[in-house]
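Protein chains: 2
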Amino acid sequence: MPHASADTFLLELFAIFVWAKVFGEVFEQLSLPGVLGEILAGVFLGPHATRLVVPSESVGSLAEIGAIFLLFTVGLETRPMELIRVGRTSLRVAVAGVVAPFVLGFGYLTLRGEPSHESIFVAAAMIATSVGITARVLSDLDALNTRAAKIILGAAVFDDILGMVVLTVVTGVATGGKVHWLHIGVLIAEALSFAFFMIFIGPRIVRGMRPGVERMSTHDAPLILALAICLGLSVAATKIGMAAIIGAFFAGLVFADYAPEWGLAPRAHAINEFLAPFFFFIMGSRLDLAMFSRSVLIDAAVISGLAIISKVVACALPVLNEGPKSALRVGVGMTPRGEVALIVALIGLQMNVISQQAYAVVIIMTAVTTLISPLALRYLFRDEPHDAPPSPVDTEEVQRSSLG
Amino acid sequence: MPHASADTFLLELFAIFVWAKVFGEVFEQLSLPGVLGEILAGVFLGPHATRLVVPSESVGSLAEIGAIFLLFTVGLETRPMELIRVGRTSLRVAVAGVVAPFVLGFGYLTLRGEPSHESIFVAAAMIATSVGITARVLSDLDALNTRAAKIILGAAVFDDILGMVVLTVVTGVATGGKVHWLHIGVLIAEALSFAFFMIFIGPRIVRGMRPGVERMSTHDAPLILALAICLGLSVAATKIGMAAIIGAFFAGLVFADYAPEWGLAPRAHAINEFLAPFFFFIMGSRLDLAMFSRSVLIDAAVISGLAIISKVVACALPVLNEGPKSALRVGVGMTPRGEVALIVALIGLQMNVISQQAYAVVIIMTAVTTLISPLALRYLFRDEPHDAPPSPVDTEEVQRSSLG
Numbered sequence: 142m143p144h145a146s147a148d149t150f151l152l153e154l155f156a157i158f159v160w161a162k163v164f165g166e167v168f169e170q171l172s173l174p175g176v177l178g179e180i181l182a183g184v185f186l187g188p189h190a191t192r193l194v195v196p197s198e199s200v201g202s203l204a205e206i207g208a209i210f211l212l213f214t215v216g217l218e219t220r221p222m223e224l225i226r227v228g229r230t231s232l233r234v235a236v237a238g239v240v241a242p243f244v245l246g247f248g249y250l251t252l253r254g255e256p257s258h259e260s261i262f263v264a265a266a267m268i269a270t271s272v273g274i275t276a277r278v279l280s281d282l283d284a285l286n287t288r289a290a291k292i293i294l295g296a297a298v299f300d301d302i303l304g305m306v307v308l309t310v311v312t313g314v315a316t317g318g319k320v321h322w323l324h325i326g327v328l329i330a331e332a333l334s335f336a337f338f339m340i341f342i343g344p345r346i347v348r349g350m351r352p353g354v355e356r357m358s359t360h361d362a363p364l365i366l367a368l369a370i371c372l373g374l375s376v377a378a379t380k381i382g383m384a385a386i387i388g389a390f391f392a393g394l395v396f397a398d399y400a401p402e403w404g405l406a407p408r409a410h411a412i413n414e415f416l417a418p419f420f421f422f423i424m425g426s427r428l429d430l431a432m433f434s435r436s437v438l439i440d441a442a443v444i445s446g447l448a449i450i451s452k453v454v455a456c457a458l459p460v461l462n463e464g465p466k467s468a469l470r471v472g473v474g475m476t477p478r479g480e481v482a483l484i485v486a487l488i489g490l491q492m493n494v495i496s497q498q499a500y501a502v503v504i505i506m507t508a509v510t511t512l513i514s515p516l517a518l519r520y521l522f523r524d525e526p527h528d529a530p531p532s533p534v535d536t537e538e539v540q541r542s543s544l545g
Numbered sequence: 142m143p144h145a146s147a148d149t150f151l152l153e154l155f156a157i158f159v160w161a162k163v164f165g166e167v168f169e170q171l172s173l174p175g176v177l178g179e180i181l182a183g184v185f186l187g188p189h190a191t192r193l194v195v196p197s198e199s200v201g202s203l204a205e206i207g208a209i210f211l212l213f214t215v216g217l218e219t220r221p222m223e224l225i226r227v228g229r230t231s232l233r234v235a236v237a238g239v240v241a242p243f244v245l246g247f248g249y250l251t252l253r254g255e256p257s258h259e260s261i262f263v264a265a266a267m268i269a270t271s272v273g274i275t276a277r278v279l280s281d282l283d284a285l286n287t288r289a290a291k292i293i294l295g296a297a298v299f300d301d302i303l304g305m306v307v308l309t310v311v312t313g314v315a316t317g318g319k320v321h322w323l324h325i326g327v328l329i330a331e332a333l334s335f336a337f338f339m340i341f342i343g344p345r346i347v348r349g350m351r352p353g354v355e356r357m358s359t360h361d362a363p364l365i366l367a368l369a370i371c372l373g374l375s376v377a378a379t380k381i382g383m384a385a386i387i388g389a390f391f392a393g394l395v396f397a398d399y400a401p402e403w404g405l406a407p408r409a410h411a412i413n414e415f416l417a418p419f420f421f422f423i424m425g426s427r428l429d430l431a432m433f434s435r436s437v438l439i440d441a442a443v444i445s446g447l448a449i450i451s452k453v454v455a456c457a458l459p460v461l462n463e464g465p466k467s468a469l470r471v472g473v474g475m476t477p478r479g480e481v482a483l484i485v486a487l488i489g490l491q492m493n494v495i496s497q498q499a500y501a502v503v504i505i506m507t508a509v510t511t512l513i514s515p516l517a518l519r520y521l522f523r524d525e526p527h528d529a530p531p532s533p534v535d536t537e538e539v540q541r542s543s544l545g
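One line per chain: the protein sequences are H and V, in this order. Each residue of the first sequence is one higher than the one before, counting from 142 in the working numbering. Each residue of the second sequence is one higher than the one before, counting from 142 in the working numbering.
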């Protein structure tokens, strides 16, 4: 089975897993979010700093699966009815949180005299909240069941969809051709149909499949089915131009109602515990601290500031009726950018539309928002970490460990 | 995060997972072992047959991790005290099961007039029982807790170690230089010390670490620690010339006493449910049905027959005192060859010591023993699938699902 590099591959896995977790534990001991430690492990040990661990392509693939299971687990804990309940609020938050950063980012870069294509791309990268980071931080805070968390996650899903739409538009603009409105219309329609189908129809299909699944001879048939559908919807999402993780999120959502009965959540969590550190480490390892000039740092500081302020204000305003504290939680929770921002920047770079400097600005903006938001969230959630009834999953975990 | 081939990679994962599980379910419905279906899915859909799925290197890496978690899970269910209890019996079974196939295989090929280096390599590939296949089949039969299963798994671990020693010797012989007895002595001593340490000292270390682990702030600290040690010991095993999966097995063993309390087994199983299908599919996909000439098929048939008869007889004889049925179960349980056989053949091929034909013979022998043994085992265990008290893991699973 092993090829020549098998030993190296295993060593790499071991090193990344252990370093990510050691950094994570140190952060937890300092009352900082563990996920920050995992990302910083990637920054400090990665190819751009100490070069102790230079991730191979295979580990990159593992990180990709890690991102998928991260969102799948989040989906499993999001009951469709609850997303529908916060749906309109989330949608308002998402739209405001897409428009504000784009306008501010584009405005600033245009004033600085940057080429318009580059300004459009950087501004587009400022749009999408990272569902992955936010979900992990909220989960670490045991806050996934709060109303603010549900609004945030709902809005983050919506603005990933909006982010993908904007990406399609700016790519069309950048290739110099006309914007294909028909194509954009089709993409929007596809994305909305996908979300609608998953929220309203998907859970019914799973309910219909239930007797058949429970009759299957394969060990652990419900888990196998859920994993297959997670992979399948991830593929389906990419086929209609969305990020794979959005498909994974919806796959989790579709199974959320049966997760407690089938014991899906703790087992999906286990897969997650193994794979997620690779995702966060790799994310950190992409950050090149050395290539930043003074002008890049100034741009990055301004863009990061705009990225934070625009999201906090624009996302808090639509939910002011929930109370100022809840509104602030939503605004701050929407701040971290992640995989979608990096994808947008990478596409811009590959198309030769943005410079290495603009790319660096996006990377720093992603890192800054990712680093600051968890700290602020932890502060905002500090006094009522358990203000919601425990989820079925928590109950199950507690019962199991008290039995064990 | 995704690179250009990200979509292809996900599609590949989806296709392999679904096809492996569909074949597996069909086999289960026919009362055949599901693992056979997963391997045959690889044979029929792989690059040498229909070419519907041509696994990439990244999926190969995933398969490798799958093999590691497979053995880790097996280790988690093997309490060190129980391995010690069957240790001497297992050792006798292992030694007999190493000598007989090697002598018979080498004798036949020498009589056929094959070059002696080639004969030695093919004979060496006949030595090692596949712990992975056997464990999966016994687990599917709910027979892991029977005494026969414990003898089989103990012996399979011992003969993996012996197989690695023999591989070192034949590699030394084939390179034409003198056999480095000192080197072999060191390897044997290392391997035995490793096993001794893991069985007698490892569990005590885990017991000593227990208070610290339970004080850690990281979510799920025991699982994280177990995963880290699983990866670490897999790396350590390769460093002293053993297969990585042996290290993973011992990592599981070291945690076996605390697995119920920390809920490790069901969660390691979950990781396994996701990764193992890739391992079995890839194993099947390596089989090239087209390249087999008549003379290869004759050799393959004879070698396969010898591989089966030698293991069944030589491994049953030392345990005749357990009763003829139990002895036969042990003999048949020791029959399947797998990853170690493939590794030996691959090394021979890479060293230009064996021909493509001899390589094919080993592949067929591996496939035949892998295909026949599960069927025979299922037959031999048919009338008392639950003749042992349920393991702590099973109890926990049942309690959990009755609670859910």
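Derived from the structure by calculation, the hints contain no laboratory data. Be careful, since some hints might not be right.
Treat identical chains as interchangeable: a pair holds within one or across any two.
Stated by the list, open to error - Below are the SDA-like pairs computed for lysine to any residue, each with C-alpha atoms no more than 20 angstroms apart in a straight line:
#1 K380 <-> D361
#2 K466 <-> M350
#3 K380 <-> G326
#4 K380 <-> L171
#5 K466 <-> V163
#6 K380 <-> F337
#7 K380 <-> L193
#8 K466 <-> I329
#9 K466 <-> R288
#10 K380 <-> F335
#11 K380 <-> V454
#12 K380 <-> S257
#13 K466 <-> A330
#14 K466 <-> D398
#15 K380 <-> D148
#16 K380 <-> T149
#17 K466 <-> E166
#18 K466 <-> I484
Each hint, compared with the structure:
1. K380 <-> D361: neither (29 angstroms within a copy, 35 angstroms between copies)
2. K466 <-> M350: Classified as neither; 42 angstroms inside a copy, 42 angstroms across copies.
3. K380 <-> G326: within (16 angstroms within a copy, 57 angstroms between copies)
4. K380 <-> L171: Neither: 43 angstroms inside a copy, 35 angstroms across copies.
5. K466 <-> V163: neither (33 angstroms within a copy, 50 angstroms between copies)
6. K380 <-> F337: Close inside one copy (17 angstroms), not across copies (52 angstroms); limit 20 angstroms.
7. K380 <-> L193: Cα proximity of K380 and L193: across copies only (19 angstroms, versus 37 angstroms in one copy).
8. K466 <-> I329: neither (33 angstroms within a copy, 66 angstroms between copies)
9. K466 <-> R288: Within one copy, since 12 angstroms is at most 20 angstroms while 62 angstroms is not.
10. K380 <-> F335: This pair counts as within: shortest intra-copy Cα distance 11 angstroms, inter-copy 49 angstroms.
11. K380 <-> V454: This pair counts as neither: shortest intra-copy Cα distance 34 angstroms, inter-copy 55 angstroms.
12. K380 <-> S257: Neither, since 29 angstroms and 55 angstroms both go past 20 angstroms.
13. K466 <-> A330: neither (35 angstroms within a copy, 65 angstroms between copies)
14. K466 <-> D398: neither (30 angstroms within a copy, 47 angstroms between copies)
15. K380 <-> D148: This pair counts as between: shortest inter-copy Cα distance 8 angstroms, intra-copy 35 angstroms.
16. K380 <-> T149: between (34 angstroms within a copy, 10 angstroms between copies)
17. K466 <-> E166: So K466 and E166 fail the 20 angstroms test inside a copy (29 angstroms) and across (52 angstroms) alike.
18. K466 <-> I484: The answer is neither: 32 angstroms in one copy and 61 angstroms across copies each exceed 20 angstroms.
In the structure shown, a violation is registered for the earlier hints numbered 1, 2, 4, 5, 8, 11, 12, 13, 14, 17, 18, in ascending order.
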